[in-house]
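2 protein chains.
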Amino acid sequence: SVPDDQRAPPPVVHYKLDSLTTSSDPVGNRETVHILTPLARFYQGYWDNILNLDYPHDLISLGFIIPKTREGNAATAALQAEIAKTQSGPEKKRFASITILRQDFDPPLQSQDESERHKLENQKARRAAMAQARNSLLFTTLGPSSAWILWLDSDIVETPPTLIQDLARHDKPIIVPNCYQRYYNKDKGAMDVRPYDYNSWVDSGTAQNLASKMGKDDILLEGYSEMATYRTLMAKLADLNGDPSSIMSLDGVGGTALLVKAEVHRDGAMFPPFPFYHLIETEGFARMAKRLNYQSYGLPNYFVYHYNE
Amino acid sequence: SVPDDQRAPPPVVHYKLDSLTTSSDPVGNRETVHILTPLARFYQGYWDNILNLDYPHDLISLGFIIPKTREGNAATAALQAEIAKTQSGPEKKRFASITILRQDFDPPLQSQDESERHKLENQKARRAAMAQARNSLLFTTLGPSSAWILWLDSDIVETPPTLIQDLARHDKPIIVPNCYQRYYNKDKGAMDVRPYDYNSWVDSGTAQNLASKMGKDDILLEGYSEMATYRTLMAKLADLNGDPSSIMSLDGVGGTALLVKAEVHRDGAMFPPFPFYHLIETEGFARMAKRLNYQSYGLPNYFVYHYNE
Ligand SMILES: Nc1nc2c(ncn2[C@@H]2O[C@H](COP(=O)(O)OP(=O)(O)O)[C@@H](O)[C@H]2O)c(=O)[nH]1
Ligand SMILES: Nc1nc2c(ncn2[C@@H]2O[C@H](COP(=O)(O)OP(=O)(O)O)[C@@H](O)[C@H]2O)c(=O)[nH]1
Ligand SMILES: [Mn+2]
Ligand SMILES: [Mn+2]
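Quick mapping for you: the protein sequence lines, in order, are chains A and B. Going by this note's numbering, the first sequence runs without a break in its numbering and finishes at 309. Going by this note's numbering, the second sequence runs without a break in its numbering and finishes at 309.
Bound-form chain A, shown alone (with noise of 0.2 Å):
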């Protein structure tokens, strides 16, 4: 064997976590962005809208996990078949690394259809799993000179090729984009847009009422008309021709398209898989960053797209 002073040192890494910036100007200073994916269905629309990002790819790493479903072993093969195609392709296009982690639990649900999904008693064992799932992916790939993190969901099919830019241009520590649909519009004859993410709010007093005479597991949800919050809800608030760039704060946000630094996760910041302040998942999350005083910010303006199924 080769003699001890003859091989190399194993790597001592020193980090200044002060020095690592996360600024308005990301390109500009080579700022590192995760793009951090759960994924049970793989979307075509999805690796060609991120191939298409023009925040240099060598500055972004893509991470994935994957349910262990029948459904997700499909989703791992078309997802491969198009990162290799990606990484030996043209240099500007690939990405500085990739992270595929295969789930070590069952998801609660083995349909991935809409309606099933969005059943009101579906809906906390399923956040619950998704909000685990996105843990597992946030504490295995985020490492020390990580400095933003990109929520996006695998049917987010359509977003401008400027997102990571036009959001850390706010240089906010967490900030959501409205998640909008596609869809033919019968009465107008046309495609049209309506909205599709209820989970970016403001708190109403309605809600704070309801929560505060819930069983302390129980969660409250957006979206379902058992169960009326009035909250002010930001995909309500859209403006199709307003400024692109008008910001509100938040108390509430979704996970489809979700811009953090990476130092609210590193405080902490996590995604609630149990009732927290009767949340869970990603609206938990931006309560659990207020508690570690991080101001969650909307676009009501500003639009990402989720696949039409």
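No lab work stands behind these hints: they were computed from the structure. There may be inaccurate statements among the hints.
Below 20 Å or equal to it, Euclidean Cα-Cα: the simulated SDA-like pairs (lysine to any residue) are [claimed, not checked]:
id, chain 1, residue 1, chain 2, residue 2
1, A, Lys92, B, Pro11
2, A, Lys290, B, Asp218
3, B, Lys85, A, Val13
4, B, Lys216, A, Val12
5, A, Lys68, B, Val13
6, A, Lys216, B, Asn293
7, B, Lys216, A, Leu292
8, B, Lys216, A, Ser212
9, A, Lys16, B, Gln80
10, A, Lys16, B, Pro108
11, A, Lys16, B, Lys68
12, A, Lys290, B, Pro11
13, B, Lys93, A, Val12
14, A, Lys216, B, Lys216
15, A, Lys290, B, Phe274
Stretch-level coverage of chain B by chain A, calculated; a stretch enters the list once three of its residues show a Cβ under 8 Å from a Cβ in chain A [what the hints assert, rightly or not]:
id, stretch
16, 12-23
17, 128-140
18, 268-277
Computed from the model, here is a short list of chain A residues facing chain B with C-beta under 7 Å [claimed, not checked]:
id, residue
19, Ile83
20, Pro144
21, Leu233
Idealized CB from N, CA, C, for every residue including glycine.
With the hints as your guide, set chain B with the ligands onto chain A.
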């Protein structure tokens, strides 16, 4: 520049979290251990002790987080000098990798004197800062192949060399030894031992009752007569000649030495820097892990020793 197809493609890594074992035979299964240490002062006894751990060092990664204070700078220098010696010394003693993080926030107290540290009114801010330091270290160093996390304070100067194996052998998600301190007993005219860490406990009706009457941001703290909790303290249950493998369930844990399966953290359990069920830091961690269905355990007759100032 080199043509695209002649450059090495960027790394793509695929991890199956469920094939990562954390077993009662971690050495046999080549399971990786992170030793994570928040470090405000460097103690030679700490370094000498970890050097003597007989868990294979090539399976151990070390991680430190150090405040940016003057004391922190001195600790960093002392640590780096020891690292340089160890990592260029005999191969068997070298650790797999070492990460040093410098904190990006200021500690709330400048003084590290024990009497100042332990004042009740200083504890909440202090332990919140400690929790945040632990979270930064955890979120930044945990990787996809991490199996176990050994939290070890920088002033733990004596453990059995088989510490990791002895704790892991019980195959529990969270397990804590009893943290004692050696001192000169004047009455006996000889060296003796006494309890040091009171954060490992079984909950009591009294404590729950106290908690239920507290303001929602107040915290319960152990070891202060102003706030008698009547919890069952593991520190008081030690039998110095008892079976070191005797084990008990716990509701709160201390973090001076604490072995955790990585999956517990990956699911989202961190060190709450805010009151969580009126608990904070390592005690809050045990409560949060419980919410994620992980039970904590303690070994009342298995000892590690805290430095005596
Ligand atoms: N890893 C993992 N990802 C999931 C799971 N369920 C859904 N996802 C992904 O998580 C994101 C949000 O889920 P989705 O079903 O689209 O939620 P919805 O649009 O709010 O109904 C999408 O990227 C899904 O592909 C799961 O059990 N495990
Ligand atoms: N990074 C960091 N470490 C700290 C800080 N304060 C204490 N520590 C370390 O955290 C551990 C526990 O703190 P210590 O003061 O020993 O707590 P005590 O023994 O419970 O009074 C020790 O390893 C300290 O060196 C801090 O502000 N930042
Ligand atoms: Mn979706
Ligand atoms: Mn100590």
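Now for the hints, and whether the structure bears them out:
1. Lys92(A) <-> Pro11(B): It holds: about 15 Å lies between the C-alpha atoms, which stays within 20 Å.
2. Lys290(A) <-> Asp218(B): holds, 17 Å
3. Lys85(B) <-> Val13(A): holds, 15 Å
4. Lys216(B) <-> Val12(A): violated, 43 Å
5. Lys68(A) <-> Val13(B): holds, 17 Å
6. Lys216(A) <-> Asn293(B): holds, 17 Å
7. Lys216(B) <-> Leu292(A): holds, 15 Å
8. Lys216(B) <-> Ser212(A): holds, 13 Å
9. Lys16(A) <-> Gln80(B): Cα-Cα ~15 Å, so holds.
10. Lys16(A) <-> Pro108(B): holds, 19 Å
11. Lys16(A) <-> Lys68(B): holds, 9 Å
12. Lys290(A) <-> Pro11(B): violated, 36 Å
13. Lys93(B) <-> Val12(A): holds, 15 Å
14. Lys216(A) <-> Lys216(B): Distance ~14 Å between Lys216(A) and Lys216(B) Cα, so the pair holds.
15. Lys290(A) <-> Phe274(B): Distance ~10 Å between Lys290(A) and Phe274(B) Cα, so the pair holds.
16. 12-23: holds (count 8)
17. 128-140: The restraint on the stretch 128-140 of chain B holds, since 7 of its residues have a Cβ under 8 Å from chain A and three suffice.
18. 268-277: Check passed, 6 qualifying residues.
19. Ile83: holds, 6 Å
20. Pro144: Where the cut-off is 7 Å and the nearest Cβ of chain B is about 5 Å from Pro144(A), the hint holds.
21. Leu233: violated, 27 Å
In the structure shown, a violation is registered for the earlier hints numbered 4, 12 and 21, in ascending order.
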